[in-house]
Amino acid sequence: GENVEQHPSTLSVQEGDSAVIKCTYSDSASNYFPWYKQELGKRPQLIIDIRSNVGEKKDQRIAVTLNKTAKHFSLHITETQPEDSAVYFCAASGSEYGNKLVFGAGTILRVKS
Amino acid sequence: ETGVTQTPRHLVMGMTNKKSLKCEQHLGHNAMYWYKQSAKKPLELMFVYNFKEQTENNSVPSRFSPECPNSSHLFLHLHTLQPEDSALYLCASSQVDGESEQYFGPGTRLTVT
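So the protein lines, in turn, are chains A and B.
According to our numbering, the first sequence is numbered sequentially starting from 1.
According to our numbering, the second sequence is numbered sequentially starting from 1.
For the record, the hints were derived by calculation from the structure and aren't laboratory data.
Honestly, I wouldn't trust all of these hints.
As the list claims (entries may be wrong) - Subject to a maximum C-alpha distance of 30 Å in a straight line, what follows is the list of computed BS3-like cross-link-like pairs (lysine-lysine):
{"id": "1", "chain 1": "A", "residue 1": "Lys57", "chain 2": "A", "residue 2": "Lys112"}
{"id": "2", "chain 1": "A", "residue 1": "Lys58", "chain 2": "A", "residue 2": "Lys71"}
{"id": "3", "chain 1": "A", "residue 1": "Lys68", "chain 2": "B", "residue 2": "Lys40"}
{"id": "4", "chain 1": "B", "residue 1": "Lys36", "chain 2": "A", "residue 2": "Lys71"}
{"id": "5", "chain 1": "B", "residue 1": "Lys40", "chain 2": "A", "residue 2": "Lys112"}
{"id": "6", "chain 1": "B", "residue 1": "Lys18", "chain 2": "A", "residue 2": "Lys42"}
{"id": "7", "chain 1": "B", "residue 1": "Lys41", "chain 2": "A", "residue 2": "Lys112"}
{"id": "8", "chain 1": "A", "residue 1": "Lys37", "chain 2": "A", "residue 2": "Lys112"}
{"id": "9", "chain 1": "B", "residue 1": "Lys40", "chain 2": "A", "residue 2": "Lys71"}
Claimed, not checked - Pair by pair, the computed Cβ-Cβ distance ranges are:
{"id": "10", "chain 1": "B", "residue 1": "Thr111", "chain 2": "A", "residue 2": "Ala29", "range": "36 to 44 Å"}
{"id": "11", "chain 1": "B", "residue 1": "Asn17", "chain 2": "A", "residue 2": "Ser18", "range": "44 to 52 Å"}
{"id": "12", "chain 1": "A", "residue 1": "Leu40", "chain 2": "B", "residue 2": "His26", "range": "24 to 32 Å"}
{"id": "13", "chain 1": "B", "residue 1": "Thr113", "chain 2": "A", "residue 2": "Ser18", "range": "38 to 46 Å"}
{"id": "14", "chain 1": "B", "residue 1": "Thr2", "chain 2": "A", "residue 2": "Gln81", "range": "40 to 48 Å"}
{"id": "15", "chain 1": "A", "residue 1": "Gln14", "chain 2": "B", "residue 2": "Lys40", "range": "48 to 56 Å"}
{"id": "16", "chain 1": "B", "residue 1": "Pro8", "chain 2": "A", "residue 2": "Gln45", "range": "35 to 43 Å"}
{"id": "17", "chain 1": "A", "residue 1": "His7", "chain 2": "B", "residue 2": "Arg9", "range": "27 to 35 Å"}
Unchecked claim - Some chain B residues close to chain A (C-beta under 10 Å, calculated; not the full set):
{"id": "18", "residue": "Pro8"}
{"id": "19", "residue": "Glu44"}
{"id": "20", "residue": "Leu45"}
We treat Cβ as the ideally placed atom computed from N, Cα and C, and that holds for glycine.
Chain A extracted, bound-state conformation (with noise of 0.2 Å):
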């Protein structure tokens, strides 16, 4: 089955800088891959997905990258802000496992004002 790692597990930025968190996946059929962000003491809610038929994606301050040779994803926040700090969770799913989404361990980031 799937198997989604995700690094790093904390991330510090400085307001304004940006920040980078990488996902692999073991599963070469997957075709769907959902960043979700959970602030503190509320539920997940997706920011951006990307489907395998694009390399790249972006929404205002937040893009994503798919590599799907090398099975890797990146989630790219610019200007870090405040109220960025959360855990984002990578996710990947492939039509072989139908709607399940194999979650990554989260990375908690803190942007420091």
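Dock chain B against chain A, hints included.
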């Protein structure tokens, strides 16, 4: 109320008790999920239901028993739990197209004493 709701939000139960968690989605989705979120662990998928049919049981102990009477409601029946079952239990829903956003409920914080 819109989105995905869960009740109760907090639950304390003894190891011999029987209780149920309830999830309701108001999004017209056909897939529903139960996840367990423990400290320092990734989101663990427990059960998946598509069109009321269970399509995934991720090796969950029998002391957790799911029920999906219709596409909008999902229950998790609990009995003879162990202290290590204390965690945040999250419900989610999505369209049943294989790769789409999952919408999470606020979760039930369960403490087993």
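Here's how the hints hold up against the structure:
no.	hint	result
1	A/Lys57 with A/Lys112	holds (26 Å)
2	A/Lys58 with A/Lys71	holds (19 Å)
3	A/Lys68 with B/Lys40	holds (28 Å)
4	B/Lys36 with A/Lys71	holds (26 Å)
5	B/Lys40 with A/Lys112	holds (22 Å)
6	B/Lys18 with A/Lys42	holds (26 Å)
7	B/Lys41 with A/Lys112	holds (25 Å)
8	A/Lys37 with A/Lys112	holds (18 Å)
9	B/Lys40 with A/Lys71	holds (24 Å)
10	B/Thr111 with A/Ala29: 36 to 44 Å	holds (39 Å)
11	B/Asn17 with A/Ser18: 44 to 52 Å	holds (49 Å)
12	A/Leu40 with B/His26: 24 to 32 Å	holds (25 Å)
13	B/Thr113 with A/Ser18: 38 to 46 Å	holds (45 Å)
14	B/Thr2 with A/Gln81: 40 to 48 Å	violated (27 Å)
15	A/Gln14 with B/Lys40: 48 to 56 Å	violated (26 Å)
16	B/Pro8 with A/Gln45: 35 to 43 Å	violated (22 Å)
17	A/His7 with B/Arg9: 27 to 35 Å	holds (32 Å)
18	Pro8	violated (15 Å)
19	Glu44	holds (8 Å)
20	Leu45	holds (6 Å)
Checked against the numbered hints above, the structure violates hints 14, 15, 16, 18; every other hint is satisfied.
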